[in-house]
Structure formats: structure tokens, C-alpha cells
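Those protein sequence lines, which keep their order, are chains H and W. The opening position of the first sequence corresponds to residue -7 in my numbering, with each subsequent residue numbered one higher. The opening position of the second sequence corresponds to residue 34 in my numbering, with each subsequent residue numbered one higher.
Simulated from the structure, these hints should not be mistaken for lab results. Check before you lean on any hint, since a few could be wrong.
Unchecked claim - Pairwise CB distance ranges (calculated):
#, chain 1, residue 1, chain 2, residue 2, range
1, W, Y103, H, S0, 48 to 56 Å
2, W, N45, H, D30, 18 to 26 Å
3, W, L79, H, S74, 31 to 39 Å
4, H, R65, W, P47, 26 to 34 Å
5, W, P144, H, K10, 43 to 51 Å
6, H, Q97, W, K112, 23 to 31 Å
7, H, E9, W, R143, 40 to 48 Å
8, H, V4, W, D72, 40 to 48 Å
9, H, R65, W, E48, 39 to 47 Å
10, W, N55, H, T78, 28 to 36 Å
11, H, T7, W, P144, 15 to 23 Å
12, H, E48, W, S141, 19 to 27 Å
13, H, M80, W, P47, 40 to 48 Å
14, H, M80, W, K35, 14 to 22 Å
To be verified - Straight-line Cα separation of at most 30 Å, DSSO-like style, residue types lysine-lysine; simulated pairs:
#, chain 1, residue 1, chain 2, residue 2
15, W, K112, H, K(-5)
16, W, K75, H, K10
17, W, K78, H, K45
18, H, K62, W, K131
19, W, K131, H, K47
Think of the CB as a built atom: it goes at the ideal place given N, C-alpha and C, for glycine as much as any other residue.
These are the residues of each chain, in order.
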Amino acid sequence: DVKVTQSSRYLVKRTGEKVFLECVQDMDHENMFWYRQDPGLGLRLIYFSYDVKMKEKGDIPEGYSVSREKKERFSLILESASTNQTSMYLCASHQGAQTEAFFGQGTRLTVV
Amino acid sequence: RKEVEQDPGPFNVPEGATVAFNCTYSNSASQSFFWYRQDCRKEPKLLMSVYSSGNEDGRFTAQLNRASQYISLLIRDSKLSDSATYLCVVREGSSASKIIFGSGTRLSIRP
Chain H
-7 DVKVTQSSRY LVKRTGEKVF LECVQDMDHE NMFWYRQDPG LGLRLIYFSY DVKMKEKGDI
53 PEGYSVSREK KERFSLILES ASTNQTSMYL CASHQGAQTE AFFGQGTRLT VV
Chain W
34 RKEVEQDPGP FNVPEGATVA FNCTYSNSAS QSFFWYRQDC RKEPKLLMSV YSSGNEDGRF
94 TAQLNRASQY ISLLIRDSKL SDSATYLCVV REGSSASKII FGSGTRLSIR P
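Generate the whole structure from the sequences, applying the supplied hints.
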């Protein structure tokens, strides 16, 4: 059974904290993605990676960074969390352009 | 202009009705198209791919119109369990391409 696992389902952090969201996939996929999902705005792409140590900015990268040191793991980092980063964060992976993307269960982050 | 646009709905239809959603995309280089379904508080999951010639999976039919740059999803004989948000997904041709989601169309089926 294929799996994308996000480290936390719910997270509460304080403004200014550094936050790490971890995502691990066991399908040997090359491509991994981080999205945030907000009511009325849908899924917005933050960053994606198509290989180890490679990263590309998505549509809303400001305030975020990523790390892909190993193929199976893609980390999203909030350098200094702010309240406007309160959101649902979804990680996804896929192998190629024609293939299905699989999602993790999401991390609901609240910044207070 | 958004890269992928959908009518957010909500669509509220009776059980057994036929309902259709459209989705437009702006990048003419897009090569791969999908419909995903997302249930409340769950992650999106693939409903079906969309092929150039159109394709059907049971009560669901997907169509692609490259000239007008839109894809559609038709649901026949709708069931209560079809209530969900339907997300249109577009990708460029390369394997390293980003996946772009529409903001989703909410569908609610009433008894």
C-alpha cells in the first residue's frame, strides 16, 4: 500500500518560532510537493522538488523554505512562523507527468 | 488570471440528478489532466485521469477540449456519497513539472 506520511496531524506554534513539517514517501518517487489549503483559495503550491537537493519555488514561497536531502523525505520549514501561516499543509508525491499524485493526510498548523 | 479556474459552487442537487463541472486552464502547454475528489477534512484522492478522447468510469465521464482549454466532469445518477469537493488538476508534459490545482467545486447531494 503506497504511502505519504506527514509527521503531525495537528500542530500549534507561537509566532516567531521555527517550524519543521516533515513528509516521507515510500514509493521511491522523484517529485514531491508542498501545498497549503485555505478556504476559498484551494491548494496553493509552496515549493516542489524533482530530485534530491533540487527545489523549485511554487506560487507562494515567501516565508517558507524546503529541504530534500534524501529522496524519500521533503521538509517544509517556516523560518519564523506568523499567524497568516495558519493553514492546512499537504504534501504530495508522484513519479511522472502521467501518473497519479499521492497525498499525505495533511498537517493543520495553527500559529498563535 | 489563475492558471486553473473552477466554479466554486456549491452545487446542491437531488439524488439521481446529473451534474457537470467545468474547469479552464491558461497554459496551452499543459499535457496531463485529472479530476481529484476531496472529502471534508481528508486529503485529495485521484478520481480519474482525463484523456484527449474523453473517458468514462461508471457514472463519471471526463472530457478534454484543448481548443478551448477546458476539461469537464459529468456525474450521472448522483448518489449521496458523491458529496465532496472536486478538484481539477493540470500538469505540463515534463516529469519535473509542477501540479496545479483548481480551487475546487463543492458538490452536495440531497436525498
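Each hint tested on the structure:
no.	hint	result
1	W:Y103 / H:S0: 48 to 56 Å	violated, 38 Å
2	W:N45 / H:D30: 18 to 26 Å	holds, 23 Å
3	W:L79 / H:S74: 31 to 39 Å	holds, 33 Å
4	H:R65 / W:P47: 26 to 34 Å	violated, 47 Å
5	W:P144 / H:K10: 43 to 51 Å	holds, 49 Å
6	H:Q97 / W:K112: 23 to 31 Å	holds, 25 Å
7	H:E9 / W:R143: 40 to 48 Å	holds, 44 Å
8	H:V4 / W:D72: 40 to 48 Å	violated, 24 Å
9	H:R65 / W:E48: 39 to 47 Å	holds, 44 Å
10	W:N55 / H:T78: 28 to 36 Å	holds, 32 Å
11	H:T7 / W:P144: 15 to 23 Å	violated, 45 Å
12	H:E48 / W:S141: 19 to 27 Å	violated, 36 Å
13	H:M80 / W:P47: 40 to 48 Å	violated, 31 Å
14	H:M80 / W:K35: 14 to 22 Å	holds, 19 Å
15	W:K112 / H:K(-5)	holds, 29 Å
16	W:K75 / H:K10	holds, 26 Å
17	W:K78 / H:K45	holds, 27 Å
18	H:K62 / W:K131	holds, 19 Å
19	W:K131 / H:K47	holds, 11 Å
Figure legend: structure checked against the earlier numbered hints; hints not met, in rising order: 1, 4, 8, 11, 12, 13.
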